[in-house]
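Start from the sequences, fold in the hints, and give me the full structure.
Chains as they are written, first to last, in my numbering: chain A, 140 to 465; chain B, 5 to 330.
Just so you know, not all the hints are guaranteed correct.
Stated by the list, open to error - Using 25 Å as the maximum straight-line C-alpha spacing, the simulated SDA-like pairs for lysine to any residue come out as follows:
{"id": "1", "chain 1": "A", "residue 1": "302", "chain 2": "B", "residue 2": "55"}
{"id": "2", "chain 1": "B", "residue 1": "54", "chain 2": "A", "residue 2": "361"}
{"id": "3", "chain 1": "A", "residue 1": "245", "chain 2": "B", "residue 2": "114"}
{"id": "4", "chain 1": "A", "residue 1": "245", "chain 2": "B", "residue 2": "78"}
{"id": "5", "chain 1": "B", "residue 1": "54", "chain 2": "A", "residue 2": "460"}
{"id": "6", "chain 1": "B", "residue 1": "199", "chain 2": "A", "residue 2": "460"}
{"id": "7", "chain 1": "A", "residue 1": "302", "chain 2": "B", "residue 2": "62"}
{"id": "8", "chain 1": "B", "residue 1": "46", "chain 2": "A", "residue 2": "300"}
{"id": "9", "chain 1": "B", "residue 1": "54", "chain 2": "A", "residue 2": "296"}
{"id": "10", "chain 1": "B", "residue 1": "325", "chain 2": "B", "residue 2": "290"}
{"id": "11", "chain 1": "A", "residue 1": "302", "chain 2": "B", "residue 2": "34"}
{"id": "12", "chain 1": "A", "residue 1": "302", "chain 2": "B", "residue 2": "289"}
Stated by the list, open to error - With beta-carbon atoms standing in for the labels, derived distance ranges:
{"id": "13", "chain 1": "A", "residue 1": "335", "chain 2": "B", "residue 2": "188", "range": "46 to 56 Å"}
{"id": "14", "chain 1": "B", "residue 1": "61", "chain 2": "A", "residue 2": "353", "range": "56 to 66 Å"}
{"id": "15", "chain 1": "B", "residue 1": "312", "chain 2": "A", "residue 2": "300", "range": "39 to 49 Å"}
{"id": "16", "chain 1": "B", "residue 1": "38", "chain 2": "A", "residue 2": "429", "range": "53 to 63 Å"}
{"id": "17", "chain 1": "A", "residue 1": "452", "chain 2": "B", "residue 2": "202", "range": "26 to 36 Å"}
{"id": "18", "chain 1": "B", "residue 1": "257", "chain 2": "A", "residue 2": "316", "range": "50 to 60 Å"}
{"id": "19", "chain 1": "B", "residue 1": "249", "chain 2": "A", "residue 2": "335", "range": "35 to 45 Å"}
{"id": "20", "chain 1": "B", "residue 1": "191", "chain 2": "A", "residue 2": "319", "range": "52 to 62 Å"}
Hints listed in this document are in silico derivations from the structure and should not be mistaken for laboratory results. Backbone N, C-alpha and C fix where the C-beta goes; we use that ideal spot for every residue, glycine too.
Okay, here's what each chain looks like letter by letter:
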Amino acid sequence: MIPKEREEWIYKTMNQIRYFELKAQQLFEENKLRGSVHLYAGEEAIAATVCSLLRDEDYITSTHRGHGHCIAKGAQLDRAMAELMGKATGYCKGRSGSMHIADFTKGNLGANAIVGAGVPIAAGAALASKLRGEDRVAVTFFGDGASNEGAVHEAMNMASNWKLPVIFVCENNGFGISVPTWQSTSVKDISIRGTAYNIPGYTVDGNDVYAIYEVVKEAIRRAQAGEGPTLIECKTYRHLGHWTGDPQIYRTREEVESWKKNNDPINNMRAKLLAAKTFTKKQLDAIEAAAQAEADAAAEFAINSPEPDPTHVMDDVFYVAEEERV
Amino acid sequence: MSRKTYANAIRDCIAEEMRRDNRVFVMGEDVAEQGGIFGCTKGLIDEFGKERVRNSPISEAGLVGLGVGAACAGQRPIVELMYMDFTYCAMDQILNQAAKTRYVFGGIPVLPLVIRGQQGIGRGNAATHSQSVETIFMHIPGLKVICPSNGADAAGLLRTAIRDDNPIMFFEHKALYSVKFDVPDDPNYMVPFGKANIVREGTDVTIVATLLFVSRAIEAAAELEKIGISAEVIDPRTLVPLDIDTVITSVKKTGRLVVAHEAHKTAGWGAELASQVVEGAFKYLDAAPIRLGSKACPLPFNLALESAVVPSVKDIIDAAKAVCYK
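If you want it as structure tokens, here you go:
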């Protein structure tokens with residue numbers, strides 16, 4: 140059972156992510172936005188549901204497909220969109236673009252353009268929490284592709300051995316760029332790899348908010364009780380290409396349309412909310428319209444934001460202590 | 005002032021910093037009960053316990069990655085790598101993550117992480133356990149590169165490193181560990197980064213060296229004195245930041261430069277330093293600078309072969325004579 144306010148938050152957040160992503164795609168197609176932009180449309184249930192159970196002080200690390208995690212962990216849409224456009228008002232002052240958005244004040248230790256690299260970093264944040272005797276947990280989002288990276292396996296072994304309060308959330312969208320997961324990966328269900336590290340592994344429908352919610356809740360309980368990490372595999376599907384310019388030769392249009400029609404995370408939740416009469420159609424439509432307006436406003440803000448000043452390009456390579464500043 | 009080995013100077017500094025700041029902790033292979041293969045963490049577990057003196061699995065990428073994460077989350081990790089050759093197993097976490105975190109995330113986070121360990125010749129450890137790899141880390145913006153040549157500098161530079169809010173690559177030399185030096189007892193003794201040490205004053209030739217090669221340069225200088233060549237020996241102590249001004253001032257006086265290091269000569273840091281001297285003091289030079297470094301050959305096992313790859317005291321003397329046209 141998800142409390143009603145939290146259901147509303149998840150539904151709102153999924154819509155914010157969806158409209159943000161569609162807006163980014165549109166801006167890319169209009170040549171207003173460039174770079175390697177990896178969109179999360181179709182996978183929103185995972186970020187929104189996981190983060191609905193986290194506090195600001197809990198940590199996440201994210202991936203190259205990171206806008207959804209970022210928004211769900213409290214990022215402002217306007218500053219995120221400004222970063223996608225390389226603007227001075229972006230989260231990283233325009234230095235980093237789509238793949239490196241972070242907001243340490245919200246516990247978001249960053250998206251990461253290197254596949255799997257955020258996984259040991261989250262385990263390290265969990266170690267910090269454990270060393271301080273705090274109950275903060277760390278969640279690391281990673282893809283099916285990352286599940287084959289060495290650093291991920293090293294981190295899982297260490298986290299299990301040290302009983303770190305970290306949750307490994309694998310978003311299995313079926314493809315590593317163009318390669319189907321079955322061609323690259325030794326197991327059908329990635330969650331089975333938990334067995335190798337002596338931690339619980341769950342596979343859930345990643346487009347079902349309610350299924351994700353229950354296992355994440357249990358994983359947080361386990362982490363905070365000092366019992367160690369959990370591996371959660373969320374099976375999902377990305378509606379758009381690997382990146383905004385992907386010709387998608389590795390799948391059919393029919394396959395994509397079928398997922399959108401029959402197993403879209405937002406539609407799934409909407410149907411459940413209406414069936415349970417938790418919200419009216421009108422209420423849900425209003426949430427959706429507000430999210431769309433917010434994404435539009437974010438784009439306006441980004442477009443109208445100033446470019447970064449190149450005279451500051453060398454700032455922040457190092458932290459310089461106050462007394463050393465010239 | 006106490007007479008102690010280079011290894012004990014490092015151990016005592018770590019202990020003092022752990023006493024001073026409970027965010028400081030150590031992790032690495034065999035660092036706990038064993039006290040590190042070279043004894044640099046010997047006895048720390050007795051005082052600080054196994055939470056803060058953590059034996060890690062043999063997982064260098066995971067180890068450094070957890071260090072990055074713990075530092076992002078506010079701890080001050082010291083990651084010991086048994087051999088700095090093993091940095092190669094953790095390159096993504098060092099070069100793509102630690103070095104870039106602050107910059108890419110908009111100058112918000114600080115990353116107080118020390119990655120330390122030994123390198124170099126002297127034990128005939130062959131190709132993958134005898135290298136000098138410091139140059140590689142100079143090339144990537146965002147890392148400070150530290151190379152202490154004696155016990156006092158080891159303690160003073162390590163203390164500065166632990167208290168610094170940037171990622172630090174701290175290179176010790178295995179052949180120095182058992183050598184005794186006078187080390188200040190002051191638990192706040194710090195050697196600033198970016199301040200070269202003029203080890204020996206001279207007027208005819210400037211010899212720049214770090215780590216083990218400082219003692220070789222001093223030895224060479226004593227021999228050169230006998231044939232009427234007065235050599236100035238400079239130990240930069242830190243390669244990033246590099247105190248090029250002290251070297252240039254010296255070269256303006258002597259008109260001649262020899263750089264001697266154990267790292268490979270090809271694209272070694274001596275090339276960078278010599279180039280900066282040429283840019284800064286071209287008209288003062290009476291001879292083309294000479295670089296000495298290991299031959300472009302993997303480090304061999306047999307000690308006679310190892311010596312054949314690495315520059316000798318005689319090579320330094322010959323180079324100094326050559327730039328003095330003697």
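Taking the hints in turn, this is what the structure says about them:
no.	hint	verdict
1	A:302 / B:55	holds, 12 Å
2	B:54 / A:361	holds, 23 Å
3	A:245 / B:114	holds, 15 Å
4	A:245 / B:78	holds, 14 Å
5	B:54 / A:460	violated, 32 Å
6	B:199 / A:460	holds, 17 Å
7	A:302 / B:62	holds, 17 Å
8	B:46 / A:300	holds, 23 Å
9	B:54 / A:296	holds, 18 Å
10	B:325 / B:290	holds, 13 Å
11	A:302 / B:34	holds, 19 Å
12	A:302 / B:289	violated, 61 Å
13	A:335 / B:188: 46 to 56 Å	holds, 49 Å
14	B:61 / A:353: 56 to 66 Å	violated, 32 Å
15	B:312 / A:300: 39 to 49 Å	holds, 44 Å
16	B:38 / A:429: 53 to 63 Å	holds, 60 Å
17	A:452 / B:202: 26 to 36 Å	holds, 34 Å
18	B:257 / A:316: 50 to 60 Å	holds, 59 Å
19	B:249 / A:335: 35 to 45 Å	violated, 54 Å
20	B:191 / A:319: 52 to 62 Å	holds, 59 Å
Checked against the numbered hints given earlier, the structure breaks hints 5, 12, 14, 19 and satisfies all the rest.
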